Amino acid sequence: MSIGALISLAFTALIIENVILTQFLGICPFLGVSKKRSSALGMGMAVVAVIVISSIITYVLYHGVLAPLEIEYMRTIVFILVIAALVQMVELVVKKISPALYKALGIYLPLITTNCAVLGVAIININKEFNFIQMLVYSTFVSLGFLLVIYLFSMLREKIDSAPVPKAFKGTPIALIVAAILAMIFSRFGGLI
Amino acid sequence: MNKGLISGVVLLVIGLVCGLLLAVVNSFTSVIIKANEDAIVLASLNEVYEGSGNYDLDIVNGSGAIDKIYVLRDKLDDSIVAIVYSVKAFGYQSDIKMLIAVEKNDQSALVFAGYKVLSQAETPGIGDVIIGYDFKMDGQLITNIDAFAGPTATFTSNAVKTCFQLVSARVAADFGGIQS
Amino acid sequence: MNQKDNFIKGFFKENPLFVTVLGTCPALAITKSLENAIGMGIAVFFVLVLSNLIISLLTINPKMKEFIKPVRIPVYIVVIATLVTIVEMVMHAYLPALFVSLGVFIPLIVVNCIILGRAEAFASDNKPVDSIIDGMGMALGYTMALMLISLVREILGSASITIWGDLALDITPVFTFIGIQPISMFLQPVGAFLTFGFILATLAAITNKKSAKLATEVKQS
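Chains as they are written, first to last, in this note's numbering: chain A, 1 to 193; chain B, 1001 to 1180; chain C, 2001 to 2221.
Chain A with its partners taken away, still in its complex shape:
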């Protein structure tokens, strides 16, 4: 596995196969928590932290426990419980270590359990048969892709708020149309490789 292949894996995870715009994972927070730039940034960073940590734990659990015991079918249950417990733990730790950070991220953390990007990435890591380093690169850049797009999107939405939008399109519909244009732009990056 060369460095070049790792870089292309990272670029693909970040842009070409962007987790929100082409894989449709994490659409709920993407539409729900992107009305303001500050909240989008907070949500995005919380997601990056949780995805990277949960990917490592689930990967080790799968290859260290589930696969040797041949109970791969317990995957979904184990992964979602790990993620739920992890989110609670991250919440407690952040609260204790940095109250300021907790204030910024606190309200987004509980929402992450049901963010399908987290469980999705954990499962994709297994399905694609990544080795440890690939898994690390992939989950880091996928989650950074989430942060990038949700932040870009929140800036667009702040502008749209002050624009005259037809009454029927107010709220979610116009957000989806903007997301469509964003998806169109991102899909074109595929030609780079």
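Rather than coming from a laboratory, the hints here were simulated on the basis of the structure.
A hint or two may mislead.
A few chain C residues that face chain A, going by a derived Cβ cut-off under 8 Å, partial list only [stated by the list, open to error]:
(1) Ala2029
(2) Pro2070
(3) Val2071
(4) Ile2077
(5) Gln2188
(6) Leu2200
To list a few chain C residues with every Cβ distance to chain B over 12 Å, as calculated [as the list claims (entries may be wrong)]:
(7) Asn2006
(8) Phe2011
(9) Leu2058
(10) Ile2080
(11) Ala2081
(12) Thr2085
(13) His2092
(14) Asp2170
(15) Pro2173
(16) Gln2181
(17) Ala2205
(18) Ile2206
(19) Ala2215
(20) Lys2219
Fair warning: this is a prediction, and the values are worked out from it, not measured in the lab.
Just so it is clear, CB atoms sit at the ideal spot from N, CA and C, and this is done for glycine as well.
Here the structure of chain A is known, so what remains is to put chains B and C in place on it, guided by the hints.
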């Protein structure tokens, strides 16, 4: 009794029941899933080496990049007619799995008899190119890797070439006598 | 609320996808074809109805409910994840093609907010029969919404509807008559966002018109 403890026990019991249920369902479905997957492999085997069904089939577990080795033997004298390798290499962002068949030609030289890409999760639109793409390896001597003509210098195409190289490196020894 | 209203509400008044905008990830990802939408709908139906039933049975006894309360979210998650895994295994065994095309979105039913939402908001406070009816209504409403999106996308994107290998409907002549090609963009992510956005806007327009009409009627009387 402590309330929290009972709650914990309730959760544990529900978890155990669920785990047991899954084990039972799995014992039924895993057999069918395995059979389905084998059927797909055997159908593909016939695609890379026509008439596979006419020979005796040995399946040998490989190691590393070579997952399985399917040895086709003559039904009468038990000599090796062809060997089909299930081999994988890392492509653009996932493993490329392919089947490569090798047989002896008229001059008793080893040649690639056929190949097929089994599965790949490459980027749609980029990876799709390799399915049905002619790498011009049919009938080539196993030593003649340079005949390879894929879309040049993409990760995907390099991975396919790597698969051919892996097979080329060991097939002569396997024809000499493979032991399962 | 009678049982009929309880069943019907999932279709229009509280449609999980179009009104409460839950479960959007699969709605955008797997609606490339009608066949996928139906497959997803069946999976969600099975999981939602059974999870509603099991959770309402678990909480039917007030004492039991008391014990479950502090650990209710993990309990719900375990029950739902088990059902989803069963669906995943059965689909892998009997419908391998559908299993491959739905891919990661089958295990992801676990985090579909509709299911956890119904468990928390309805099943834990209602009788088993009502919970089953609620689950059926919600799941069918969701399936209907998925089918609507996929119909638009598949017709515009490939000018035909294909179900399980048999060509069910070919409307290429209509496209030729109008003089346009199938718009493959609708099969790509862009099309998913666009279709969903326009359907939501259409529904909003209808609702706006209705409420405006209602307002004038109230004024007149």
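Hints and how they fare:
Here the hint on Ala2029 of chain C is kept, as its CB sits about 4 Å from the closest CB of chain A, short of 8 Å. Checking Pro2070 of chain C against chain A: minimum C-beta separation of about 13 Å lies over 8 Å; hint violated. The interface hint given for Val2071 of chain C is broken, as the beta carbon of that residue sits about 11 Å from the closest beta carbon of chain A, more than 8 Å. Taking 8 Å as the C-beta cut-off, the interface hint given for Ile2077 of chain C holds, the closest approach to chain A being about 6 Å.
Checking Gln2188 of chain C against chain A: minimum C-beta separation of about 6 Å stays under 8 Å; hint holds. Because the beta carbon of Leu2200 of chain C sits about 4 Å from the nearest beta carbon in chain A, less than 8 Å, this interface hint is met. With a cut of 12 Å on Cβ distances, Asn2006 of chain C stays outside the contact zone with chain B, its closest approach being about 27 Å. For Phe2011 of chain C, the non-interface assignment is confirmed: its Cβ lies about 31 Å from the closest Cβ of chain B, beyond the 12 Å cut-off.
At roughly 8 Å, the least C-beta separation between Leu2058 of chain C and chain B is not larger than 12 Å, which violates its mark as non-interface. With a least beta-carbon separation of about 10 Å from chain B, Ile2080 of chain C fails to lie farther than 12 Å from that chain, contradicting its non-interface assignment. With a closest Cβ-Cβ approach of about 8 Å to chain B, Ala2081 of chain C is found to fall inside the 12 Å limit, against its non-interface label. With a cut of 12 Å on Cβ distances, Thr2085 of chain C falls inside the contact zone with chain B, its closest approach being about 6 Å.
The non-interface label for His2092 of chain C is inconsistent with chain B: the shortest C-beta to C-beta separation is roughly 5 Å, within 12 Å. For Asp2170 of chain C, the non-interface assignment is confirmed: its Cβ lies about 24 Å from the closest Cβ of chain B, beyond the 12 Å cut-off. Distance to chain B confirms Pro2173 of chain C as a non-interface residue, since its nearest Cβ pair spans about 29 Å, more than 12 Å. Chain B leaves Gln2181 of chain C outside its interface by the beta-carbon criterion, the shortest separation being 19 Å against a cut-off of 12 Å.
Every C-beta of chain B lies more than 12 Å from that of Ala2205 of chain C, the closest at about 35 Å, which supports listing it as non-interface. With 12 Å as the threshold on Cβ separation, the claim that Ile2206 of chain C sits away from chain B holds: the shortest Cβ distance comes to roughly 36 Å. Every C-beta of chain B lies more than 12 Å from that of Ala2215 of chain C, the closest at about 49 Å, which supports listing it as non-interface. The Cβ of Lys2219 of chain C sits about 55 Å from the closest Cβ of chain B, beyond the 12 Å cut-off, so the non-interface label holds.
Hints 2, 3, 9, 10, 11, 12 and 13 from the list above are not met by this structure, while the remaining hints are.
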